[in-house]
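Colleague: In the numbering used here, the protein residues as written are 37 to 135.
Treat the hints with care, as some may be off.
Pair by pair, the computed Cβ-Cβ distance ranges are [what the hints assert, rightly or not]:
#1 THR62 with GLY116: 28 to 36 Å
#2 GLY135 with HIS61: 32 to 40 Å
#3 ASN127 with SER44: 17 to 25 Å
#4 TRP81 with PRO111: 17 to 25 Å
#5 TRP81 with ARG58: 24 to 32 Å
#6 GLY60 with PRO114: 17 to 25 Å
Taking lysine-lysine pairs in the DSSO-like style, the calculated list, with each CA pair at most 27 Å apart, reads [to be verified]:
#7 LYS124 with LYS70
#8 LYS112 with LYS82
#9 LYS112 with LYS124
#10 LYS70 with LYS82
#11 LYS112 with LYS70
#12 LYS115 with LYS70
Note that these hints are calculated values from the structure, not bench results.
Keep in mind it's a predicted model, so treat the numbers as computed, not measured.
Backbone N, C-alpha and C define an ideal beta-carbon position, used for all residues, glycine too.
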Amino acid sequence: MLQYSTSSRQVPLIIAHKVSGRKGHTYWARWTYKKPGHGTKTSAWKRSSWSGDNGRAPGVAVETLWGHRGQSGGPKLPKGTVVCTQFKGSNQEACYRLG
Numbered sequence: 037m038l039q040y041s042t043s044s045r046q047v048p049l050i051i052a053h054k055v056s057g058r059k060g061h062t063y064w065a066r067w068t069y070k071k072p073g074h075g076t077k078t079s080a081w082k083r084s085s086w087s088g089d090n091g092r093a094p095g096v097a098v099e100t101l102w103g104h105r106g107q108s109g110g111p112k113l114p115k116g117t118v119v120c121t122q123f124k125g126s127n128q129e130a131c132y133r134l135g
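Using the sequences and the hints given, assemble the complete structure.
Modeller: Below you can see the structure in the form of structure tokens.
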């Protein structure tokens with residue numbers, strides 16, 4: 037979910053999801069972002085477990101939520117910023133460029 041302004045995007049929620057995994061196994065994921073002309077910022081690893089038995093899509097979901105209940109939060113990032121998620125143990129990232 038992105039909230040738009042004219043020059044920047046506020047990113048209140050990041051979800052890493054993969055459709056695979058084992059019931060009861062613990063997984064770790066992190067997010068990164070790279071603003072145009074700047075270095076990459078990386079979060080700490082966040083823990084999650086397999087979520088296939090609770091009515092959601094089977095697999096693993098790791099969420100990072102900023103802000104407070106009823107209020108949006110999160111970093112304000114300029115257009116062109118690349119936001120990625122990655123699961124621990126995998127070299128593959130899922131990325132999105134803010135437009």
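Colleague: Assess, step by step, whether the Cα of LYS124 is no farther than 27 Å from the Cα of LYS70, and give holds or violated.
Modeller: holds, 19 Å
Colleague: Are GLY135 and HIS61 spaced within 32 to 40 Å by their CB atoms?
Modeller: holds, 35 Å
Colleague: Would you mind confirming whether the straight-line C-alpha gap from LYS112 to LYS82 stays at or under 27 Å?
Modeller: holds, 21 Å
Colleague: That 17 to 25 Å hint for ASN127 and SER44 (C-beta), does it hold up?
Modeller: Given about 30 Å between the Cβ atoms, the range is violated.
Colleague: Quick one, are LYS115 and LYS70 close enough, alpha carbons at most 27 Å?
Modeller: holds, 11 Å
Colleague: Range hint 24 to 32 Å: satisfied by the CB atoms of TRP81 and ARG58?
Modeller: violated, 18 Å
Colleague: Sort out whether LYS82 lies within 27 Å of LYS70, counting only the CA atoms.
Modeller: Within the cut-off at roughly 19 Å; holds.
Colleague: Hinted pair, alpha-carbon criterion (27 Å max): LYS112, LYS124. Please report holds or violated.
Modeller: Satisfied, since the Cα-Cα distance of roughly 26 Å is no more than 27 Å.
Colleague: Cβ-Cβ distance between TRP81 and PRO111: within 17 to 25 Å?
Modeller: With Cβ atoms ~18 Å apart, the hint holds.
Colleague: Given the hint of 17 to 25 Å, check if GLY60 and PRO114 actually sit that far apart at their C-beta atoms.
Modeller: The hint (17 to 25 Å, Cβ to Cβ) is violated, given that GLY60 and PRO114 are roughly 41 Å apart.
Colleague: Can the restraint linking LYS112 and LYS70 be considered satisfied, given a maximum Cα separation of 27 Å?
Modeller: holds, 12 Å
Colleague: Is 28 to 36 Å a correct range for the gap between the Cβ atoms of THR62 and GLY116?
Modeller: Cβ of THR62 to Cβ of GLY116: about 35 Å, so the range 28 to 36 Å holds.
Consistency note: the structure conflicts with the earlier hints numbered 3, 5 and 6.
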